[in-house]
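J.: Sequence:
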Amino acid sequence: MTRGWRCPLALLSLVLAPLVAAGDAGAAAEGEEEPPKRWTNSTDLSLVLTDGNADAFTFGLKDTLEYRTPKSLARFRIDALRSDTSDDTYLLVEPGLTFEPGETLTVYTTSVVRPGAEPDVARYFAEGRYERDLSGKATWNTGASWDRNEDAGILNRYIVFGGVGHTWRSGDDFSFRTSYGMSATDREEDVPDPLKDRRFPGARLTSSLRDLWGKSTTYDNEFTFNVSLKDLSDYNAELVQSLAVSMSPTLSLKVSLQFLYSGEPALEDGDVLARVLLFDPDGIPGNGDEYFETVASEGTEITIAEDQFRKQALDTTFRMSLQITF
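Residue numbering for the sequence shown follows my numbering, starting at 1 and increasing by one per position.
Just to be clear, a hint being listed does not mean it is correct.
[Stated by the list, open to error] Computed list of lysine-lysine pairs in BS3-like fashion (alpha-carbon distance at most 30 Å, straight line): (1) Lys137 x Lys215; (2) Lys71 x Lys137; (3) Lys196 x Lys230; (4) Lys230 x Lys311; (5) Lys311 x Lys196; (6) Lys215 x Lys71.
Honestly, the hints are just simulated from the structure, not real lab data.
Using the sequences and the hints given, assemble the complete structure.
T.: Structure representation (structure tokens):
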């Protein structure tokens with residue numbers, strides 16, 4: 001896991017470092033007094049561990065680090081979700097026994113095998129973004145992101161983006177911002193797809209809404225849409241909605257619902273299976289008139305070929321976590 005994060009983190013650092021420095025230098029050149037630095041960090045943690053009859057480990061981490069000045073915002077986000085589960089326990093027959101084809105083995109001893117936990121879900125995301133005010137409520141932004149979603153067939157996806165935005169409303173109780181721009185994507189999928197471009201220019205739309213409900217509940221809505229300009233049917237959309245209920249100045253209980261949608265999901269290799277029944281018209285086995293007939297259920301399952309199919313377009317993730325803010 002550490003090795004996979006080195007390149008994305010280095011890329012995001014290279015994007016953010018000069019931009020933050022340039023923004024601060026620009027403010028100093030205008031003769032403005034440099035405002036005090038304002039760092040904020042929000043961390044969401046979720047953990048599930050089971051052992052014994054069920055062996056499973058699920059870990060979720062979401063962290064947002066922000067640096068604000070009166071005219072700019074630098075933000076770095078990471079999101080990791082990993083779940084390891086074990087296969088069903090089974091009995092293994094002792095080695096060294098011999099028997100003929102068609103014979104049923106009746107005398108044997110067994111040992112219990114409990115497989116260890118192995119990765120079942122692995123999803124990682126990292127993004128760096130810099131945003132600065134223009135005139136009025138207009139803004140400009142740039143940044144880069146990397147993500148991996150093995151279940152969706154995405155091994156590595158790098159996106160560099162930039163554009164302009166608008167702050168429709170900014171306040172402690174309610175804020176809403178949108179941005180529009182261009183992007184460049186380099187995508188590596190588990191199964192190469194001849195109908196999709198690995199690298200392509202794109203258009204990008206994002207929105208961010210925060211609403212304070214009462215004194216202790218905060219609603220957040222984050223939306224991101226990225227589409228290939230070479231193939232408008234090749235797009236990805238993400239919607240994350242969350243509710244955080246404050247229990248203290250630094251601790252909150254948070255629930256979130258994430259939707260990930262792909263216009264052209266990745267390909268997956270799979271077996272072509274058939275359920276069949278064997279028919280023997282004359283009732284005499286082995287005379288050559290036997291035949292199989294496929295059925296919808298029951299019967300015998302046989303593999304007849306291998307083929308490719310597309311994964312599901314929509315992934316949904318529900319989380320309940322503890323949020324730590326400072």
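J.: For each hint, tell me whether it holds in the structure or not.
T.: Verification of the supplied hints:
Between lysine 137 and lysine 215, the direct Cα distance comes to roughly 27 Å. Compliance with the 30 Å bound is thereby established for this hinted pair. Straight-line distance between C-alpha atoms of lysine 71 and lysine 137 comes to about 11 Å, which keeps the hinted pair within the 30 Å bound. Between the alpha carbons of lysine 196 and lysine 230 the distance comes to roughly 9 Å, so the proposed pair stays at or under 30 Å and holds. Simply put, lysine 230 and lysine 311 have alpha-carbon atoms about 22 Å apart, close enough for the 30 Å limit, and the pair holds.
Taking the CA atoms of lysine 311 and lysine 196, the gap is near 14 Å; set against the 30 Å cutoff, the hint holds. At roughly 27 Å between alpha-carbon atoms, lysine 215 and lysine 71 fall within 30 Å of each other, so this suggested pair holds.
When each numbered hint is compared with the structure, no violation occurs for any of them.
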